[in-house]
Amino acid sequence: MSQEAMRLKEKTLTGGVPLTQKRENLWVDAFRRLIRNRAAVVGGTIVIILIVMAVFAPQIAPRSYEKQVLNDQNTVPAWLLSLFPTMKPYARISNDYLLGADYVGRDLFSRIVYGARVSLTVAFIGPLISLLIGTIYGSISGYFGGRVDNIMMRIVDVLYAFPGLLFIILLLAFFRSTLTKLEPGTFAYTISQLDARLGGMLFIFVGIGLTAWETMARLTRGQVLSVREKEFIEAARTIGASNLRIMFRHILPNIIGPLVVAETLAIPGYISTEAFLSFIGLGVNPPTPSWGSMISDGAQVIRTYPNQTVFPALALAITMFAFNFLGDGLRDALDPRLRGTQ
Amino acid sequence: MGRYIARRLIYLIVVLIVVSFITFGLMHAVPGGPFDREKALPPEIMANLEKRYHLDDPLWKQYLNYLYDVFIPRLTTQPPKGTLEDDFLISAKIGGIWLRWMNFGPSYSSRSRTVNDIFRQQLPISAQLGTMALLVALIIGMPLGIIAALKQNTIFDYISMSIAIIGVSVPVIVLGPLLIWIFGVTLKWLPPTGWGAKPPYLLGFLPTKWGWDFFKFAIMPSVALGLGSSAVIARLTRASLLQTIREDYIRTARAKGLQERLVITRHALKNSLIPVVTILGPMFAALVTGTFVTELVFGIPGMGKYFVTSITNRDYPVIMGTILLYAVFLVIANLVVDIVYAYLDPRIRYD
Chain A
1 MSQEAMRLKE
11 KTLTGGVPLT
21 QKRENLWVDA
31 FRRLIRNRAA
41 VVGGTIVIIL
51 IVMAVFAPQI
61 APRSYEKQVL
71 NDQNTVPAWL
81 LSLFPTMKPY
91 ARISNDYLLG
101 ADYVGRDLFS
111 RIVYGARVSL
121 TVAFIGPLIS
131 LLIGTIYGSI
141 SGYFGGRVDN
151 IMMRIVDVLY
161 AFPGLLFIIL
171 LLAFFRSTLT
181 KLEPGTFAYT
191 ISQLDARLGG
201 MLFIFVGIGL
211 TAWETMARLT
221 RGQVLSVREK
231 EFIEAARTIG
241 ASNLRIMFRH
251 ILPNIIGPLV
261 VAETLAIPGY
271 ISTEAFLSFI
281 GLGVNPPTPS
291 WGSMISDGAQ
301 VIRTYPNQTV
311 FPALALAITM
321 FAFNFLGDGL
331 RDALDPRLRG
341 TQ
Chain B
1001 MGRYIARRLI
1011 YLIVVLIVVS
1021 FITFGLMHAV
1031 PGGPFDREKA
1041 LPPEIMANLE
1051 KRYHLDDPLW
1061 KQYLNYLYDV
1071 FIPRLTTQPP
1081 KGTLEDDFLI
1091 SAKIGGIWLR
1101 WMNFGPSYSS
1111 RSRTVNDIFR
1121 QQLPISAQLG
1131 TMALLVALII
1141 GMPLGIIAAL
1151 KQNTIFDYIS
1161 MSIAIIGVSV
1171 PVIVLGPLLI
1181 WIFGVTLKWL
1191 PPTGWGAKPP
1201 YLLGFLPTKW
1211 GWDFFKFAIM
1221 PSVALGLGSS
1231 AVIARLTRAS
1241 LLQTIREDYI
1251 RTARAKGLQE
1261 RLVITRHALK
1271 NSLIPVVTIL
1281 GPMFAALVTG
1291 TFVTELVFGI
1301 PGMGKYFVTS
1311 ITNRDYPVIM
1321 GTILLYAVFL
1331 VIANLVVDIV
1341 YAYLDPRIRY
1351 D
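Going line by line, the protein sequences match chains A and B. Take the first sequence: its letters are residues 1 to 342, numbered as in our numbering. Take the second sequence: its letters are residues 1001 to 1351, numbered as in our numbering.
Just so you know, the hints here were simulated from the structure itself, not pulled from any lab data. Incorrect hints may appear among the rest.
Said to hold, decoys possible - If you want the footprint, here are the derived chain A segments under chain B, 3+ residues with CB under 8 angstroms:
id, region
1, 166-174
2, 296-303
3, 318-331
Model, not experiment: these values are computed from the prediction. Backbone N, C-alpha and C define an ideal beta-carbon position, used for all residues, glycine too.
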């Protein structure tokens, strides 16, 4: 067969695409589908805006988030009165504050801007922790199978029955209340110092990480099980690839899509967990602003100054919207067959 | 099936022992105790208190005693003494013999009450809230999902799915204060906080009076809690129904000339609800722990408030009791869902 005929045959077999041309990368392909999804683009844009807000908070926020101006307690800018007419009779007007000042005279807008830092940190660290623990645990369990799998999965089953949120509350409350009783130099003391330096976020991560990895472990295991018996794994094993190599080079790249999607869809859950913990006073340490603690502070005066609750609540809701839109879009983009499920 | 249920019940026991062990260990591993005060109590009083609650026993003994009191049913001829140490959640006279089971012990912080007292008074309220929220989730979620699927890619579909995405994106601590502000403060239609049901309850938690006095308090919290779950149900119902109406037997039903309404109700809906049943387990779990959040937002005197204060007070029996009780709920809810699932879908067998 001549070279020309060979090329012609190749062309007809592959539908016109020469075999030598590399197939479109899965991620490039997915990204292309993602940016065609309008809701996902909106979500992604909001997430980018939030990231910019969090990173450049000191430049964006017009005032300090912690400086208390007692003379300006509960002041309201004039434009808000048309939105909240009930405040008209008693509100003290001060146009220095874009969204008003809180009960100790801190700028609400600046606090909301800084609050994005906490929520976004949780939004990125939460998945990182649960992916790390969950993937390793789940892939070991799924890859080795048999008795190892059985024991590891029974452990997950038992932990699954743990009322997660109650457990996080327990953990946090205990660690927080014992901070003062710890001896300097001990491990617990070092950890609590680190936590204090992070504004109280370390224990939130620990709590979320401890309770969120189980779902990931189950998902990973299921995925590994489905890929494990495929021919290309068999092939890799035949040419003598080690277990580690098969796991990281051959299995993981094939299952990463669903894991990423599951984590993206889990992000709103992490954000609302942090907000709730801060709401009941177990989250970040004051004066670090978190939208959850701002809502809780505002709820005290919701009858008189609704703006102090409504704006942080809106910030939280918009952020969760954005991540939900992005997660949905990512799922559709990575696996179009799943469109509209879950 | 019987074997499967038996195996799951054994699993429940394992779960409870592990959960109690971890919780117990955690409570005692962290420095501080229930009777620590800003100004330390005199050592004699401290010793007496610890003796009264057996906190001076070695830890393993405390733990085993606790397990014995909670898990092992007792049959005695003695009537209940009515003391704080002798309060069993289940206490029934069968013939001349008393069956007594589940003594969660006295509460350390409210001295005149036992953990069982707290359960009896607060748990029904949490259960009412949880049930109402589940109803809200089903009543809003299923119709939205069905409409969206039957009118796929129309404006109805988009509106329903937008409502669903709003539902999953708005947590209770956002929706709660907003509802309070709109309906409680501005419009003054509903009381912003509190709870209306009073004992006696039917079946342990159902209020006997179902009037406006109950609903005016219950509407906002149950919507705030249930909306997120209703969104999940709506999306799942839609996906499942969309898949079902493409099945061959639906085409057969249409081909034999069955009315479209009957095709949907008799054939499609019934089969498409099977996957929806499976998420009721995890959903129940979310709602049960969600009641904690909702109770704190709306100032409802359920278990939530007691749990949080019991932790700050180091009220060990209340903490243990609550966590164990909720673990039981979660496991049993999942078991019930699995059984219902097998019943609905005969292809599923658990043996």
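Status of the hints after comparison with the structure:
{"no.": "1", "hint": "166-174", "verdict": "holds (count 7)"}
{"no.": "2", "hint": "296-303", "verdict": "holds (count 5)"}
{"no.": "3", "hint": "318-331", "verdict": "holds (count 5)"}
Every hint, counting from the list given before, is met by this structure.
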